[in-house]
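First to last, the protein sequences are chains A and B. If you're matching positions, the first sequence starts at 1 in this note's numbering and goes up one per residue. If you're matching positions, the second sequence starts at 1001 in this note's numbering and goes up one per residue.
Some clues are possibly wrong.
Calculated lysine to aspartate or glutamate pairs in the EDC-like style (CA-CA distance at most 16 Å, straight line) [to be verified]: (1) A:Lys489 with B:Glu1227; (2) A:Lys489 with B:Asp1246; (3) B:Lys1222 with B:Asp1246; (4) B:Lys1222 with B:Glu1249; (5) A:Lys528 with A:Glu449; (6) A:Lys525 with A:Glu449; (7) B:Lys1222 with B:Asp1252; (8) B:Lys1168 with B:Glu1263; (9) B:Lys1240 with A:Glu484.
Just so you know, these hints were derived from the structure itself, not from any lab.
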Amino acid sequence: MAESHDHAHAAPTSFIRKYVFSLDHKVIGLQYYFLGLSAAIVGMALSLLMRFHLVWPTTQVAWLEKLFPAGAAGGLMTPELYLSLMTMHGTIMVFFVLTTAPQSGFGNYMLPIQIGAADMAFPTLNMLSFWITFVSYVIMIGAFFVQGGAPLGGWTFYPPLSAIPEAGPGQAMGANMWILSIAIFCIASLLGALNFITTTLDLRTRGLSLMRMPLPCWTWFITAILGLLAFGVLLSAGVLLLMDRIAGTSFFVPGGLVVSDRAVNHTGGSPLLWQHLFWFFGHPEVYIAILPSMGIVSQVLSTFSRKPIFGYRAMVYAIIAIGGIGFAVWGHHMFISGMNPATAIAFSVLTMSIGVPSAIKTFNWIGTLWGGKIRFSTPMLYAIAFVSLFVTGGLSGIFLGQPSIDLYFHDTYFVVAHFHLIMGVASIFGIFAGTYFWLPKMFGRMMNETLGKLHFWITFVGVYCIFGPMHYLGLMGHMRRYSETTGVKYLAASDPLHQFMTIAAFITVGAQLIFIVNLFWSIFKGPKASVNPWECTTLEWTIPSPPPHDNFAGHEPVVYRGPYEYGVPGAPQDFLMQNDPAEVSARH
Amino acid sequence: MPVLLALVIWLVCAAITAPFVLHTWWFPVAISEHARTVDSQIMLTFWVTGVVFVLAHLGLGWAVFKFGRKRSGPATYSHGNNTMEAIWTSAAAVLFIGLVLMGTSVWARVHMNAAPAGSMPVEVTGKQFVWNVRYPGPDGKLGALDIRQINDANGNPLGIDSKDPAGKDDITFPNLVVPVNRSIEVTLHSLDVTHSFFVPELRLKQDAVPGMTIRINFIADKVGLYELPCAELCGLGHFKMRAFLDVKEQGDFDKWMQERVAERAAQQ
Chain A
1 MAESHDHAHA
11 APTSFIRKYV
21 FSLDHKVIGL
31 QYYFLGLSAA
41 IVGMALSLLM
51 RFHLVWPTTQ
61 VAWLEKLFPA
71 GAAGGLMTPE
81 LYLSLMTMHG
91 TIMVFFVLTT
101 APQSGFGNYM
111 LPIQIGAADM
121 AFPTLNMLSF
131 WITFVSYVIM
141 IGAFFVQGGA
151 PLGGWTFYPP
161 LSAIPEAGPG
171 QAMGANMWIL
181 SIAIFCIASL
191 LGALNFITTT
201 LDLRTRGLSL
211 MRMPLPCWTW
221 FITAILGLLA
231 FGVLLSAGVL
241 LLMDRIAGTS
251 FFVPGGLVVS
261 DRAVNHTGGS
271 PLLWQHLFWF
281 FGHPEVYIAI
291 LPSMGIVSQV
301 LSTFSRKPIF
311 GYRAMVYAII
321 AIGGIGFAVW
331 GHHMFISGMN
341 PATAIAFSVL
351 TMSIGVPSAI
361 KTFNWIGTLW
371 GGKIRFSTPM
381 LYAIAFVSLF
391 VTGGLSGIFL
401 GQPSIDLYFH
411 DTYFVVAHFH
421 LIMGVASIFG
431 IFAGTYFWLP
441 KMFGRMMNET
451 LGKLHFWITF
461 VGVYCIFGPM
471 HYLGLMGHMR
481 RYSETTGVKY
491 LAASDPLHQF
501 MTIAAFITVG
511 AQLIFIVNLF
521 WSIFKGPKAS
531 VNPWECTTLE
541 WTIPSPPPHD
551 NFAGHEPVVY
561 RGPYEYGVPG
571 APQDFLMQND
581 PAEVSARH
Chain B
1001 MPVLLALVIW
1011 LVCAAITAPF
1021 VLHTWWFPVA
1031 ISEHARTVDS
1041 QIMLTFWVTG
1051 VVFVLAHLGL
1061 GWAVFKFGRK
1071 RSGPATYSHG
1081 NNTMEAIWTS
1091 AAAVLFIGLV
1101 LMGTSVWARV
1111 HMNAAPAGSM
1121 PVEVTGKQFV
1131 WNVRYPGPDG
1141 KLGALDIRQI
1151 NDANGNPLGI
1161 DSKDPAGKDD
1171 ITFPNLVVPV
1181 NRSIEVTLHS
1191 LDVTHSFFVP
1201 ELRLKQDAVP
1211 GMTIRINFIA
1221 DKVGLYELPC
1231 AELCGLGHFK
1241 MRAFLDVKEQ
1251 GDFDKWMQER
1261 VAERAAQQ
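Could you put the whole structure together from the sequences, leaning on the hints where they help?
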């Protein structure tokens, strides 16, 4: 618990130092947030192109040819372009949206303030993390524009498909760019993780014990630990794969292969080795994406229910348990990969164990609402919807975690439905909740509630219309990563569902324009926000909106109580700020 | 707002549940004992998760409905309830871990038990973007392979080694033709990238991994022609990589096999 002024630095005056190469955690947080937003727009656009192609594969789209001269000659999308879009959609969404916005975006901005610090522990490292991530993003987008286009091997990048340049279009230069970008992203994430961990452990203000931290801080902290342990493994795996591709090594490619009628000059590698390394990272990555949103949702549910969070300690232990067990379940992505089938049983038992802390969280969220006086502001709507999405997406995991059932559902749309709901949509609902909740603090302006609610209703119903039917496609045995439904006869029966999902996708993505308009309009023109418009208790609501350069104006706040003291009997109002020294008769 | 939100939550729940109950979009027919066991495990899981799903949404909607309406008095001041927390945790643990243990025997039967003695061996090899099936022929032995002898035009897509006598009678065919009610042991290979052997009607899926030999077995008990698509992304032609599982009566199968043997002999 170092003194906060040790880390203070003078406010920069030049534009470059203030907004571009800034050391201020708040500016860096916003940089990450807007990087995530731009990546989300790209990722969504790619998904619309895919959805369009699945339903109208023979409809010519003239402008598509301008965008992808080789992949869409005559305005018709080739199967390889479809797979490239799919690969890039997954990669961009997982790395540059779900990893970037909730953790590096909100976390950078709010962690120091919620723990009463003037900045992150290592401001220069923080700036480096962002700009390295930015370079990684530019390289990733660049993969679209190199010879052969973007890679087509899926975001999981399984070798040998990803290791042998001749295995498909985009598998040459595009795949190199992909690996390079991801390796650079890993470095940035490692730096960020170190910063988050040190900040949480060292910079908490007086009185802010770990068990008094707001739940978002807990999730950013645990997520950072996951990142520290997981990204190093992906970085190593990426380097090995790059070596296989350009330096003649054979980590992942076995001997005796024939690709495009030519014998492959590799021997002795193992495709499963990549899968183990990838998923050792990949499964914790799911929690890296979802944990921060869980933290945000917990904070919002408590605040807008005007009640303490139900079972704070249980929530903290559940976060730690999810993070811990999350490192021992990667094999459930590989039940049918050819790994030793006995290990599948161990992995499945561990996987199901994660259902337990997840159930605790769900129970506690509903318990938080129970007996509350709910205020239905937009952040709250998103937080409540998050609980529904988390339940829906979590329960389909109970199917996939069982190897005997995964025999059927693996690599079908059932999986696509599962991870989109729980990792994608739920996490993004957490980002929406966080945006509507914290924008007044970050920019000193309120967002428009009417537009916010309109955005919410269309999005909530819309995502269920997109991803609900995918469960049924999975039941029908519909494989994922199919660019058309024409190659296998029994898929024809799925066409009406595909049409429904595509229409729902266009409407839902269209509704995101409402959000974008609301966001930018509010940032510049929204009504001025007070210091604490939501009557929330945590430290960010004790300082001006927007916060000054060094957050607490050189003054170190002192914390006297836990984070969610709402409706305390005997208190003068229905919330007690964490830094309010008032003695109240009721104790917890 | 509370009424609307609760209604939408309940409607979403009903809309997702209804097709499962009504079987609007459902599994293809099951053609093996294994498939039916998988189905019963899936149904059990449906019921367990279905009850949790509906209860959670009822609870969420009810909380929104009841505690979202205007009412006097403060919110309940409570930091939780350890007893309920413990009950909930144990119930979830028993339910989820119980489910997976029940499914373990289904898994073990396919993957950990060897094929019964007297199973008919076939080899299925994936390559971009076709399946090739190889039968050992009358000698019951698969011959050696040599990738340098691969020649699609000459009808040798797998590179059966012309120098190995055991390979002289090997039969290569684009579909997996099997007799009904007979245990089949499939040896899976891949020549290039990872593919996945998937017959929905068998509820069976297994990756074919380059450099690995993976064995699975099944007994199909219903004559018919079933599609055998690739389920692991293998490149641009992934969506059309498909063969057929052709389950024939024993007599028809024998006749078919005799024709193939004669064909192969004529090639030599």
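Verification of the supplied hints:
no. : hint                     : result
1   : A:Lys489 with B:Glu1227  : 8 Å, holds
2   : A:Lys489 with B:Asp1246  : 15 Å, holds
3   : B:Lys1222 with B:Asp1246 : 10 Å, holds
4   : B:Lys1222 with B:Glu1249 : 9 Å, holds
5   : A:Lys528 with A:Glu449   : 14 Å, holds
6   : A:Lys525 with A:Glu449   : 14 Å, holds
7   : B:Lys1222 with B:Asp1252 : 14 Å, holds
8   : B:Lys1168 with B:Glu1263 : 12 Å, holds
9   : B:Lys1240 with A:Glu484  : 8 Å, holds
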